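Keeping their order, the protein sequence lines are chains A and B. The first sequence: position 170 = 170 (the numbering used here), numbered continuously. The second sequence: position 129 = 129 (the numbering used here), numbered continuously.
These are computed hints drawn from the structure, not numbers from a lab. Treat each hint with caution, since some may be false.
Copies of the same chain are indistinguishable here, so a pair counts whether it falls within one copy or spans any two.
[Claimed, not checked] Result set (DSS-like, lysine-lysine): computed pairs, CA atoms no more than 30 Å apart in a straight line: (1) 237 x 278; (2) 305 x 212; (3) 291 x 49; (4) 244 x 230; (5) 265 x 79; (6) 163 x 230; (7) 278 x 163; (8) 291 x 278; (9) 163 x 285; (10) 323 x 278; (11) 323 x 41; (12) 49 x 298; (13) 291 x 41; (14) 49 x 305; (15) 323 x 285; (16) 244 x 285; (17) 163 x 265; (18) 41 x 285; (19) 291 x 323; (20) 212 x 285; (21) 298 x 265; (22) 220 x 298; (23) 285 x 260; (24) 163 x 291; (25) 49 x 230; (26) 212 x 80; (27) 220 x 41; (28) 265 x 237; (29) 260 x 80; (30) 260 x 305.
The structure presented is a predicted model; accordingly, all values stated were derived computationally and were not measured.
2 protein chains.
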Amino acid sequence: MKTKQSSADLVRDMLNGSVRATARLITLVEANDSSVPEIMKQVYPHSGKAYVIGFTGAPGAGKSTVVGKLARLLDQSGKKVAIIAIDPSSPFTGGALLGDRIRMMEDLGTKQNVFIRSLGSRGEMGGLSEATYRVANVLDAFGKDYIFVETVGAGQAEIEVTKLADSVVVVLSPGMGDEIQAMKAGTMEIGDIVVLNKADQAGADMLASSLKVALHWATKNGEREPVLVKTIAVQQKGIEELWKELEVYRDYSIENGQLKQRREKRIRIEICKIMEDKIMRYLDKFTSDSKEFDQGIKEVSIDNKNPSQQAEVLLETFLSYLKQQENLK
Amino acid sequence: MKTKQSSADLVRDMLNGSVRATARLITLVEANDSSVPEIMKQVYPHSGKAYVIGFTGAPGAGKSTVVGKLARLLDQSGKKVAIIAIDPSSPFTGGALLGDRIRMMEDLGTKQNVFIRSLGSRGEMGGLSEATYRVANVLDAFGKDYIFVETVGAGQAEIEVTKLADSVVVVLSPGMGDEIQAMKAGTMEIGDIVVLNKADQAGADMLASSLKVALHWATKNGEREPVLVKTIAVQQKGIEELWKELEVYRDYSIENGQLKQRREKRIRIEICKIMEDKIMRYLDKFTSDSKEFDQGIKEVSIDNKNPSQQAEVLLETFLSYLKQQENLK
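Looking at chain A on its own, in the form it has when it is part of the complex (with noise of 0.2 Å):
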C-alpha cells in the first residue's frame, strides 16, 4: 500500500535519515514537479555543510574507478559520500521518472553510506545545472558531507554542470591522443586538479611532463596551476594523495575566494530557475483559466487579428494578472 506523503513529511523523514525518503525527493526534484519550490524552502536551511567535487573526462580514462576509490576512501574515513552521476544516456522523458541506476562499482556494492544516483541529462534547455545542484542540496540536507558529480560522457552541457562544483577534477590517461587534443582546447583548463590515471601505462610519464607544460601555459597570470595528480586507481594508487589534493586546493579556494565565488553562481543560477518556474505556472494558469486569454484568441480567430500583437497585449493582461496573484499571496 502506498500512500502520497506531503513533501514536508518527507523532508522530515530525510532529516531523519530515511534513504527512502531522499530517494523520493531527489525523484520529485529531477521531475521538476510542482512541489519543488515547497522543497527546496525546507531544505535549503540544512544545506550548505557538505563539499561538492566534479569529475569530468574523457570516457575511457577510468573516471569511475577513480571516483569509486575516492568514495571508498572517504567512507573508510568515515565521511559519509554521495556520487550524482550525470548520465546522458538516460534522458528524461517527460513526467516518467528515472529509477536509481546503481552502477556495478567494484568495492562500493556492499558499502550502505555511498548514495549513488544517475541524473539524466535533459538536453539543451532542460536545466540539467539547476536540477544537479539541487539533488546536491538534497543530499547536503541529509547529511553527506562529500557530493561527487560526476559526468558519465564528456558532452558539453555536462562539463557546464561539473564547472558550478565547489573543485573541479579533471581525469585523463595515457593512449588517448586524440581525446587529449580535444580536451586541451577545454575541459582541461577547468580542472582545479588534474588526475593522470593508469600512471602505469606506456606513455604515462611522456604525457605528465607534457601535461605539465600544458597547464602551465594555460594558467593565467596570478591564477593557481592546477596540481597534477597520477593514480593508478584499480590499484588504489594516488588517491589518498588525490584528496590531499583536494584538501588543499579547498583551503586555498576559501582563502582566495574562489569557493564563495562558485556557490554564489549556483545561487544565481538557482534563483533563476525559482522565477522562471513561477512565472511559467502563473503563465500555464493564465493561459488555461483566465477569460480574458479566451477572449484574446477568439479576436484572432474570428477576426484575424495578428497573432504576435494580439500576444502583446495579452502579456500587458498577464502582468497586472501576475502582479494581483503577487499581492494575494
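Given the coordinates of chain A, work out where chain B should sit on it, guided by the hints.
Frame of chain A; chain B shown alone:
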C-alpha cells in the same frame, strides 16, 4: 561571401519565391532565434491559405510512401505541396542547426515543387508543436497549398503535433499485430481518415473488417466516423481516393466548425509561446544586467538568506522591471 540578411529581407525574398530564403527562415524558426517574433509578425498576414494534413501511424506501414505518392498526385494537379517530417532521430542541439534532409522519395526527387524539410524532435519541453506550426505558417506564406506534417516515428510528442493539423491521417498496414493493438489505444482515434496501406498483403481484408468495427465503436455519438481508405501506395493505388476523402473531410470540417476549432488551438499555442519567449528574454536580461538582481544574489550568498524567499522578492522587482519595459516599448 556571406552577408547576413535581415529577417525583413528574408521574408521579402521568400514572398518573391526564393526557396533559399524560405529554407533560411525555417532554420531560424526551428532554432527559436531571437528574430522569430519579428519574422512571424511579417509572415502572419500572408498565411492562412494552406491546408495542413498530419500523417501518423506505425513505422513500417508505408507512411512515407503514402505521403510521397499523395504529394506527387497533388503536385501533378498543379497544387503546391510541402512536407514537414518530424524526425526524432535528429535531436535538436542547442545553437546547431539541422540541415535540410532530402529523403530519397521515389518520384519526388526530381520535383522542384515539393519542398521537404526535417524537423528534429526537441524532447519533452522543446516546443515541437510551436516550431512545426510556425514552419507551416512560413510555408503557407511562401505559397504552398498543402502542407503535410509527417511523423517519422510514433512517439507521443509527435502524435500531439499531428493532432493540431487541419486533418489527420493514420496509416496502418497488415501484419503488424502488436503495433495495431498499441495504436488502438490512442493513435487510431485521432485519425479523421484511416489508411490501410499494403492492402494486397495477406490479412488485409480481415484487418479492414476489424478496423471498421473498431472505428465504429471508437466513435462517440454525434461524431463523424473516420473513413477507411485502402491503398497500395507503391502502385499508386487508392491515392486518388485518399485525396477525395480528404476533400470530403475538409468540407465537413468547415461546415461543422472543426477546422476553425483546430486552427484556434494552434493560435492558442502560438500566442502562449510568444508570451513565454518574450517573458523569458526579459528575465534573461534582468538576471544578467540588473543591479537589483546582483544585490539580491549577494544577500543570499553573504547573509545566508533563503534563496526561495529571495527569489520571491526578486520576482517582485522583476515584475516592476517588466512593467517598465513594456511601457517603454
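The hints, checked one at a time:
1. 237 x 278: Neither, since 48 Å and 54 Å both go past 30 Å.
2. 305 x 212: Neither, since 65 Å and 42 Å both go past 30 Å.
3. 291 x 49: Answer is between; shortest inter-copy Cα gap is 29 Å, intra-copy 48 Å.
4. 244 x 230: Cα proximity of residue 244 and residue 230: one copy only (13 Å, versus 73 Å across).
5. 265 x 79: within (26 Å within a copy, 56 Å between copies)
6. 163 x 230: within (22 Å within a copy, 58 Å between copies)
7. 278 x 163: both (26 Å within a copy, 29 Å between copies)
8. 291 x 278: both (21 Å within a copy, 21 Å between copies)
9. 163 x 285: between (35 Å within a copy, 23 Å between copies)
10. 323 x 278: Both: 13 Å inside a chain and 17 Å across chains, each within 30 Å.
11. 323 x 41: So residue 323 and residue 41 pass the 30 Å test inside a copy (22 Å) and across (28 Å) alike.
12. 49 x 298: between (54 Å within a copy, 19 Å between copies)
13. 291 x 41: Between copies, since 24 Å is at most 30 Å while 33 Å is not.
14. 49 x 305: between (56 Å within a copy, 15 Å between copies)
15. 323 x 285: both (14 Å within a copy, 20 Å between copies)
16. 244 x 285: Answer is neither; intra-copy 52 Å and inter-copy 42 Å both fail.
17. 163 x 265: within (10 Å within a copy, 42 Å between copies)
18. 41 x 285: Both: 22 Å inside a chain and 26 Å across chains, each within 30 Å.
19. 291 x 323: both (17 Å within a copy, 22 Å between copies)
20. 212 x 285: neither (56 Å within a copy, 40 Å between copies)
21. 298 x 265: between (44 Å within a copy, 10 Å between copies)
22. 220 x 298: Cα proximity of residue 220 and residue 298: across copies only (27 Å, versus 60 Å in one copy).
23. 285 x 260: Between copies, since 24 Å is at most 30 Å while 37 Å is not.
24. 163 x 291: Result: close only across copies, 24 Å inter versus 45 Å intra.
25. 49 x 230: Within one copy, since 29 Å is at most 30 Å while 67 Å is not.
26. 212 x 80: For residue 212 and residue 80, neither the intra-copy (33 Å) nor the inter-copy (63 Å) Cα distance is at most 30 Å.
27. 220 x 41: neither (39 Å within a copy, 47 Å between copies)
28. 265 x 237: This pair counts as neither: shortest intra-copy Cα distance 34 Å, inter-copy 63 Å.
29. 260 x 80: This pair counts as within: shortest intra-copy Cα distance 22 Å, inter-copy 61 Å.
30. 260 x 305: Answer is between; shortest inter-copy Cα gap is 14 Å, intra-copy 51 Å.
The structure is inconsistent with the numbered hints 1, 2, 16, 20, 26, 27, 28, although it conforms to all the rest.
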